[in-house]
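Colleague: Assemble the whole structure, with the sequences as input and the hints as a guide.
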Amino acid sequence: MRVVTTAQPLDVQPTPLALLLLGREADPKSERGVECPGDLPAPSDPDLVERARAAKAKLGDKVFVLGHHYQRDEVIEFADVTGDSFKLARDAAARPDAEYIVFCGVHFMAESADILTGDDQQVILPDLAAGCSMADMATAEQVAECWDVLTEAGIAEQVVPVSYMNSSADIKAFTGKHGGTICTSSNAKRALDWAFEQAEKVLFLPDQHLGRNTAVRDMGLSLDDCVVYNPHKPNGGLTAEELRAAKMILWRGHCSVHGRFSLESVNDVRARIPDVNVLVHPECKHEVVAAADYVGSTEYIIKALEAAPRGSKWAIGTELNLVRRLANRFAAEDKEIVFLDKTVCFCSTMNRIDLPHLVWTLESLAAGKVVNRIEVDKETESFAKLALERMLALP
9 MRVVTTAQPL
19 DVQPTPLALL
29 LLGREADPKS
39 ERGVECPGDL
49 PAPSDPDLVE
59 RARAAKAKLG
69 DKVFVLGHHY
79 QRDEVIEFAD
89 VTGDSFKLAR
99 DAAARPDAEY
109 IVFCGVHFMA
119 ESADILTGDD
129 QQVILPDLAA
139 GCSMADMATA
149 EQVAECWDVL
159 TEAGIAEQVV
169 PVSYMNSSAD
179 IKAFTGKHGG
189 TICTSSNAKR
199 ALDWAFEQAE
209 KVLFLPDQHL
219 GRNTAVRDMG
229 LSLDDCVVYN
239 PHKPNGGLTA
249 EELRAAKMIL
259 WRGHCSVHGR
269 FSLESVNDVR
279 ARIPDVNVLV
289 HPECKHEVVA
299 AADYVGSTEY
309 IIKALEAAPR
319 GSKWAIGTEL
329 NLVRRLANRF
339 AAEDKEIVFL
349 DKTVCFCSTM
359 NRIDLPHLVW
369 TLESLAAGKV
379 VNRIEVDKET
389 ESFAKLALER
399 MLALP
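Mapping the sequence shown onto the working numbering, position 88 (from 1) lands on 96, and the numbers just tick up by one.
Lysine to aspartate or glutamate pairs mimicking DMTMM-like chemistry, simulated, CA-CA at most 20 Å apart:
(1) Lys343 with Glu307
(2) Lys197 with Asp226
(3) Lys350 with Glu272
Worth flagging that the hints you see were computed from the coordinates, not collected in a lab.
Modeller: What follows is the structure, given as structure tokens:
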């Protein structure tokens, strides 16, 4: 392989496409807080808002639009409810009269909504390219191979799978079939408490950081109790002895957004903003969570800022669309809310759901054409629903 080095920095001019993606006329070295060169461009067609309103009005109660917290403001404007993935799936199930569920989120969320809604309801994802990098880090084939490894090590009967809500329907079905449960970032400790009542070990899928942080920070386990199973290495990169000694077998997966926050980010914001409160999501790395003042789910973050005193200062470690929305919401109360890192941290796949895709979806439905339907097959649905029902039954 030929390697070219240079002592001088390359003078690379951004292309028009790069400018479109990153935001025009922005200084990448500036202090940004919640303003950054990753600002999304405004909708290209000024008529899109009116077209969305008209199509939604025509559909009336036949359509129910769900908007995840990480969505763009232009999409959230048309959401009937907002929330995290599980809350939205439950909200959809609570609206049995809605013929169409338009899920402005990512693929695994729409799958969960289809699992929990009635057979006569149709779940639509405005852009099929809106996936989740974390959910994609665990495939059904990889997890089946992992279970074979656990079986060969003689410990499969001692293991209960616990899968994060941010997983595919196939992984949820695997979890249900093997006696496990689903968890959210809000109830992960309750799910793990339940799991350890069933067996000696837990296979936690697919986010290693949520599993590790919950086990160590909330349950008193040690880092030595945790091992990481890498599906890209033979036997997960672990020996049979390491698997037998572990209590938490963590899948090697992570959130591409929350995984970018670092201890340096925390130290930097504390140096720049005196008396700042650092509040992060438990999908962040363990060292980030350990250095933060507060740790919690998306809903926890929102409620913490609602209850925060006037004039308080906050650095938030979660997706940028939500942080910006919260900063604008609480500006009148003199709450200073900034993004934890200086680098862009939009969820790129979540932001594939934009106003043009939403308008196309609503107008198609209004014209009697169903597009981008998400439908989970019945066998997968039955086992996935079993795992979800175990979560709903948690004390």
